[in-house]
Amino acid sequence: MSKNKNCETVKVVVRCRPLSRKEEATGYESIVNMDVKLGQVTLRNPKTPHGELLKTFTFDSVYDAGSKQSDLYDETVRPLIDSVLLGFNGTIFAYGQTGTGKTYTMQGQWMDPEKRGVIPNSFEHIFTHISRSQNQQYLVRASYLEIYQEEIRDLLCKDHARKLELKENPDSGVYIKDLSSFVTKNVKEIEHVMNVGNQTRSVGFTNMNEHSSRSHAIFVITVECSEMGPDRQNHIRVGKLNLVDLAGSERQSKTGVRGERLKEAAKINLSLSALGNVISALVDGKSTHVPYRDSKLTRLLQDSLGGNAKTVMVATLGPSSCSYEETLTTLRYANRAKNIRNKPRVNEDPKDALLREFQEEIARLRAQLDKRGMLTRKRRSGRRARKGAGEEEGLIEGEGEEEEEEDEGEEDEEDSVEKDVEDYVKEQQEKLELEKAAIRDDRSLVAEDKQRMLEEKERMMMDLRKEQEATDMLTAKFKVRVTALLIYYTHQ
Amino acid sequence: MASLSSSEWRSICEKFRRAQNLSEIESRKDPENDPFRSKYNARELLKEIYSDLKNFDAGENDNDDNDQPQEEQCSDPVEPEGEGSGTGHAGDSPAGLRAARLGVIEYYLGVNHVETEELSAGEEHLMNCIKLLDKCTVSQENVSVFIQARNQLGILWAGRDEIDKAQGFLETAESMYVRYMKEVGQPPMDLTDFFMVEEEALSPQERTKQFEMAYTHTLYYLAQVYKNLEQYERAGRYCHSTLQRQLQFNQFVPLEWAINAATLSQYYITKSCYMEGRHCLAAASVIAGLAGEVPSEAAAQENEAESEKREQLGQKRAEISRCWIKYCLNLLQDAKKLLEDNIGELDTDRQAELKRSRQQEEDEKERGRKSAVLFSSSDTFDSICSLEEKVSCAFPLDFDEARAVFLTGQAHVNQSKEYFQMDGHVTDHIEILQDHSALFKALSFFEEDLERRCKMHKRRVDMLEPLCRDLNAQYYLLICRQLQFELAETYYEMMDLKLAIADKQDELDAHSIKKFNHLCAASMKYYQMFLDSIRSPEGKFPEKLEDEVLRPALVAKFRIARLHSRLISASPTVQLENLSNSLSCYDFLVQYCQEHPEARQAVETELELSEEMVSLLPLKINRLKAKLVSAN
Numbered sequence: 001m002s003k004n005k006n007c008e009t010v011k012v013v014v015r016c017r018p019l020s021r022k023e024e025a026t027g028y029e030s031i032v033n034m035d036v037k038l039g040q041v042t043l044r045n046p047k048t049p050h051g052e053l054l055k056t057f058t059f060d061s062v063y064d065a066g067s068k069q070s071d072l073y074d075e076t077v078r079p080l081i082d083s084v085l086l087g088f089n090g091t092i093f094a095y096g097q098t099g100t101g102k103t104y105t106m107q108g109q110w111m112d113p114e115k116r117g118v119i120p121n122s123f124e125h126i127f128t129h130i131s132r133s134q135n136q137q138y139l140v141r142a143s144y145l146e147i148y149q150e151e152i153r154d155l156l157c158k159d160h161a162r163k164l165e166l167k168e169n170p171d172s173g174v175y176i177k178d179l180s181s182f183v184t185k186n187v188k189e190i191e192h193v194m195n196v197g198n199q200t201r202s203v204g205f206t207n208m209n210e211h212s213s214r215s216h217a218i219f220v221i222t223v224e225c226s227e228m229g230p231d232r233q234n235h236i237r238v239g240k241l242n243l244v245d246l247a248g249s250e251r252q253s254k255t256g257v258r259g260e261r262l263k264e265a266a267k268i269n270l271s272l273s274a275l276g277n278v279i280s281a282l283v284d285g286k287s288t289h290v291p292y293r294d295s296k297l298t299r300l301l302q303d304s305l306g307g308n309a310k311t312v313m314v315a316t317l318g319p320s321s322c323s324y325e326e327t328l329t330t331l332r333y334a335n336r337a338k339n340i341r342n343k344p345r346v347n348e349d350p351k352d353a354l355l356r357e358f359q360e361e362i363a364r365l366r367a368q369l370d371k372r373g374m375l376t377r378k379r380r381s382g383r384r385a386r387k388g389a390g391e392e393e394g395l396i397e398g399e400g401e402e403e404e405e406e407d408e409g410e411e412d413e414e415d416s417v418e419k420d421v422e423d424y425v426k427e428q429q430e431k432l433e434l435e436k437a438a439i440r441d442d443r444s445l446v447a448e449d450k451q452r453m454l455e456e457k458e459r460m461m462m463d464l465r466k467e468q469e470a471t472d473m474l475t476a477k478f479k480v481r482v483t484a485l486l487i488y489y490t491h492q
Numbered sequence: 001m002a003s004l005s006s007s008e009w010r011s012i013c014e015k016f017r018r019a020q021n022l023s024e025i026e027s028r029k030d031p032e033n034d035p036f037r038s039k040y041n042a043r044e045l046l047k048e049i050y051s052d053l054k055n056f057d058a059g060e061n062d063n064d065d066n067d068q069p070q071e072e073q074c075s076d077p078v079e080p081e082g083e084g085s086g087t088g089h090a091g092d093s094p095a096g097l098r099a100a101r102l103g104v105i106e107y108y109l110g111v112n113h114v115e116t117e118e119l120s121a122g123e124e125h126l127m128n129c130i131k132l133l134d135k136c137t138v139s140q141e142n143v144s145v146f147i148q149a150r151n152q153l154g155i156l157w158a159g160r161d162e163i164d165k166a167q168g169f170l171e172t173a174e175s176m177y178v179r180y181m182k183e184v185g186q187p188p189m190d191l192t193d194f195f196m197v198e199e200e201a202l203s204p205q206e207r208t209k210q211f212e213m214a215y216t217h218t219l220y221y222l223a224q225v226y227k228n229l230e231q232y233e234r235a236g237r238y239c240h241s242t243l244q245r246q247l248q249f250n251q252f253v254p255l256e257w258a259i260n261a262a263t264l265s266q267y268y269i270t271k272s273c274y275m276e277g278r279h280c281l282a283a284a285s286v287i288a289g290l291a292g293e294v295p296s297e298a299a300a301q302e303n304e305a306e307s308e309k310r311e312q313l314g315q316k317r318a319e320i321s322r323c324w325i326k327y328c329l330n331l332l333q334d335a336k337k338l339l340e341d342n343i344g345e346l347d348t349d350r351q352a353e354l355k356r357s358r359q360q361e362e363d364e365k366e367r368g369r370k371s372a373v374l375f376s377s378s379d380t381f382d383s384i385c386s387l388e389e390k391v392s393c394a395f396p397l398d399f400d401e402a403r404a405v406f407l408t409g410q411a412h413v414n415q416s417k418e419y420f421q422m423d424g425h426v427t428d429h430i431e432i433l434q435d436h437s438a439l440f441k442a443l444s445f446f447e448e449d450l451e452r453r454c455k456m457h458k459r460r461v462d463m464l465e466p467l468c469r470d471l472n473a474q475y476y477l478l479i480c481r482q483l484q485f486e487l488a489e490t491y492y493e494m495m496d497l498k499l500a501i502a503d504k505q506d507e508l509d510a511h512s513i514k515k516f517n518h519l520c521a522a523s524m525k526y527y528q529m530f531l532d533s534i535r536s537p538e539g540k541f542p543e544k545l546e547d548e549v550l551r552p553a554l555v556a557k558f559r560i561a562r563l564h565s566r567l568i569s570a571s572p573t574v575q576l577e578n579l580s581n582s583l584s585c586y587d588f589l590v591q592y593c594q595e596h597p598e599a600r601q602a603v604e605t606e607l608e609l610s611e612e613m614v615s616l617l618p619l620k621i622n623r624l625k626a627k628l629v630s631a632n
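Just so you know, the protein sequences line up as chains A and B, in that order.
For what it's worth, the UniProt record's numbering labels the leading residue of the first sequence as 1, then goes sequentially.
For what it's worth, the UniProt record's numbering labels the leading residue of the second sequence as 1, then goes sequentially.
Treat the hints with caution; some may be incorrect.
Said to hold, decoys possible - Stretches of chain B that chain A covers, calculated by requiring three or more beta carbons in the stretch to come under 8 Å of a beta carbon on chain A:
#1 214-223
#2 238-246
#3 415-429
Stated by the list, open to error - Only part of the chain A face toward chain B is listed, based on derived beta-carbon distances under 10 Å:
#4 K167
#5 G276
#6 D303
No wet-lab data here; the hints were simulated from the structure.
From the three backbone atoms N, C-alpha and C, an ideal C-beta is built for every residue, glycine too.
With these hints in hand, go ahead and build the complete structure from the sequences.
As structure tokens, this is what we get:
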């Protein structure tokens with residue numbers, strides 16, 4: 001479709017929910033007709049007699065009331081997530097009036113596999129892909145933020161009332177200063193991150209519906225992948241996925257998704273404070289400066305709308321005759337989005353790749369630890385894990401054993417390295433205690449031997465404590481990093 | 001009012017007060033699932049008041065008839081507009097008052113229905129209001145209702161996409177205000193005045209304020225109507241009036257106002273109305289100053305409110321500075337366009353002519369224009385004027401005048417850079433530097449000394465080159481391309497200047513040649529970087545260029561071709577190599593246009609020249625080859 005190979009338009013799909021029971025009871029009829037084969041939506045104006053003034057729009061795909069979550073995912077989302085895993089940037093927008101099924105489409109019902117939405121499905125997809133990959137190292141990070149009344153808040157930060165700033169860096173483009181991000185190693189962990197964010201989003205507001213329908217939420221997953229290239233050099237690709245739950249489109253005219261706002265032909269702004277909109281509309285921007293900033297959302301997602309990204313937009317509709325105007329607005333907007341052309345490229349070896357930073361740090365730490373003789377134990381346990389992986393077919397389980405040890409340490413405060421060290425030591429101690437108990441209970445051993453072994457264990461525990469003092473932070477950092485890398489070894 | 005007992009009247013006033021309170025204050029707390037609860041309650045109260053008033057009116061009907069003859073003797077001060085009957089009660093007669101009172105309630109009912117999304121019912125009430133008042137002459141009592149009802153109808157029709165109707169109502173409101181102020185001018189009654197017990201009545205100042213505010217809104221709505229009708233000049237005028245009135249009646253937030261005025265200046269700039277543009281900018285700077293001092297960094301660190309204020313003030317002032325930069329830049333560039341001959345050099349005849357005509361015209365003409373657009377607030381007027389005097393609004397016609405404009409622009413460059421630093425504001429920072437570079441470029445046109453002109457271009461190179469080096473093209477592809485292209489062009493210009501200087505000296509020394517070749521190479525390097533940025537990630541040059549890079553890419557090829565052939569070398573082998581490089585670039589352009597005929601029109605001149613070169617260069621190359629052979 002596109003003229004150039006490097007160029008592609010935003011993929012726009014439309015989904016329509018079934019008529020609700022309430023709507024049916026009230027006697028509203030469905031005015032939306034979908035031709036799934038042709039990808040067409042036809043909208044009938046309820047005020048005119050049948051067959052008159054039908055409006056037809058064509059999209060990349062349309063999903064009618066009978067469509068399943070998996071239809072949308074497999075056809076529309078899956079290819080996008082695959083691209084992200086290859087190092088492209090990807091964005092999925094859900095756009096539509098409140099109550100048309102945006103949340104159902106994006107989140108769905110997590111517990112019911114049939115009804116899971118885009119987000120849980122993509123989590124599953126990403127980590128399944130990683131577990132099946134070979135000769136690649138992955139690092140997956142997640143951030144979660146919200147834009148409400150032009151203020152950015154971190155949903156994963158304790159002090160979530162704090163407003164974050166949108167900044168730019170010559171090296172890495174637009175970023176949010178101090179936005180936290182969490183390394184996640186499996187579906188469970190990334191789900192946990194999302195849940196924490198969702199909880200933050202819902203507390204502190206007396207009117208949750210009002211708040212969430214007016215705020216944009218963006219869940220960002222960064223997937224870094226390191227692979228040996230033909231040049232025997234490690235190359236890192238970074239794909240970034242934005243999962244965007246936009247505010248209800250009924251508020252869209254105010255918040256504006258793009259610079260090219262929803263131009264409601266002739267509506268008058270009542271408040272004098274909108275005088276600036278009028279004036280700036282008169283200015284031809286070419287040789288002038290128009291001192292109104294684009295919305296935060298626009299700036300943050302500028303790559304997704306006409307930049308280096310692949311973008312899918314899911315416009316959600318209600319079929320009822322009572323929402324004719326809104327449905328038409330949504331369709332028009334979606335129709336316009338089709339014209340946005342992106343230029344996606346694989347993000348190779350970006351300077352800010354965290355993975356590289358980790359790899360370098362690990363190398364450095366390894367060197368330091370080697371000197372301290374720490375690594376013998378470390379290596380041993382690494383081998384054990386590798387061996388396990390080789391034995392069992394499911395590679396992710398093979399690593400799982402080691403990972404779980406760290407889970408508890410990271411669960412509530414991932415970045416707190418110190419705590420991690422404590423946990424590690426505690427765990428080791430507990431383990432040794434258990435072993436001690438086992439030795440004590442083992443009647444097959446002679447008392448002498450028992451005593452000797454117990455002493456040895458005791459000594460090991462002492463060593464452990466000393467070890468901690470000696471290696472201090474180094475070990476902890478190293479451990480966190482190594483497990484975060486999600487290294488999957490292939491069969492040797 | 002005669003037949004209304006004071007207690008009955010008090011109860012009506014109380015109902016009205018409650019309705020107002022419900023509609024304005026309580027309604028904000030209404031729950032999502034019942035969003036109009038308070039509005040509906042207010043509506044019920046308004047309806048009650050309406051029927052109360054009707055009942056009393058019925059009792060007063062006899063008096064009404066008595067009133068009639070008196071009123072007709074009254075000469076009506078203001079003719080109601082066409083849609084009404086034209087003759088009727090005097091607005092200040094008892095019947096007129098009754099009508100106004102009912103009209104006010106109809107007005108509030110209308111607004112109430114509009115706010116609760118019942119547009120047709122709202123329209124009906126508002127039209128009832130207008131019908132009631134149309135029976136009366138416009139007076140101190142009813143002029144506010146007149147205007148506000150029409151404002152509301154204007155909004156309503158605009159919301160229905162019927163701009164013409166909206167325009168009709170709003171323009172009537174406008175002319176009504178103008179006539180009232182001309183013929184009566186007293187502070188009129190406010191809508192709420194009708195239902196206030198005397199001790200709560202508004203002061204004349206307060207009445208004036210409310211009335212003027214309503215009219216400010218009329219103008220503001222008209223600005224939007226004209227914008228929607230694409231009558232931009234009119235829209236601009238009404239925006240300007242809205243700003244003027246905000247200032248005049250002290251109804252503005254300084255920073256917001258200043259930004260709006262600064263933006264309006266940009267509108268004037270595009271229309272080449274530099275006097276108006278400058279006035280807006282001077283006013284913007286002065287009014288922004290009213291927002292207070294920028295808190296110190298230390299204060300900002302201690303207190304979040306201070307920190308936000310610092311950020312806000314810093315940003316807005318920097319934005320205004322950027323509008324000033326554009327003012328200076330456009331003034332210089334427009335002047336250049338006026339003065340340049342067909343090869344882009346200063347046309348001295350034209351310069352002399354413009355200088356002569358300037359003095360004659362200017363003085364009278366601009367005075368007339370000026371009085372129409374002034375932002376007149378007594379306490380700021382002087383500071384605005386003195387700021388205006390710092391920079392001219394007439395086209396600079398010689399270097400000294402151009403330099404003065406340049407320096408103002410440069411001062412604002414430095415000011416805006418303080419806020420828009422590279423670290424954190426990459427795009428803005430670079431845009432400012434690009435403007436700075438453009439200021440130098442425009443100034444260099446006025447500079448007659450070629451050496452000094454060259455130095456100005458060197459300044460541009462010095463500010464742009466580091467940016468081009470440090471910027472990650474992955475995120476700033478567009479800017480990188482702009483910078484590459486501008487650098488290539490700047491080096492090209494420097495190369496041209498060096499050649500011109502050398503021509504004057506008759507002889508090229510080795511140093512000059514080295515310098516010259518260096519400039520050629522630098523220019524080629526940046527054109528090539530630009531061309532490389534178009535390649536696919538695999539390094540392949542696209543077979544078909546996209547629209548937005550089509551002309552730049554072909555021009556870059558063309559320039560590289562020219563640069564190759566201009567390189568100076570004593571060695572025939574090198575000469576040969578340069579020429580064949582040049583030929584292959586020209587050839588690329590010709591080939592491309594053959595394969596993509598639609599590209600021809602984008603590069604007409606370049607293509608024509610390239611075709612010629614493609615036919616000529618081989619001859620030259622062959623001759624050179626022959627010479628080489630014979631020399632051996």
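Original post:
Do three or more residues from the stretch 415-429 of chain B put their C-beta atoms closer than 8 Å to C-beta atoms of chain A?
Top reply: holds (count 6)
Original post:
Was the hint right that G276(A) lines chain B, CB cutoff 10 Å?
Top reply: Holds, because the Cβ-Cβ distance from G276(A) to chain B comes to roughly 5 Å (cut-off 10 Å).
Subject >> Coverage of the stretch 214-223 of chain B by chain A (three or more Cβ within 8 Å) >> reply: Coverage by chain A holds here, the residue count being 5 at a Cβ distance below 8 Å.
Original post:
Does the stretch 238-246 of chain B contain three or more residues whose Cβ lies closer than 8 Å to a Cβ of chain A?
Top reply: holds (count 4)
Original post:
Taking the least C-beta to C-beta distance, is K167(A) closer than 10 Å to chain B?
Top reply: holds (4 Å)
**OP:** For the hint on D303(A), just tell me whether its beta-carbon gets within less than 10 Å of chain B.
**Re:** holds (8 Å)
Checked against the numbered hints above, the structure breaks none of them.
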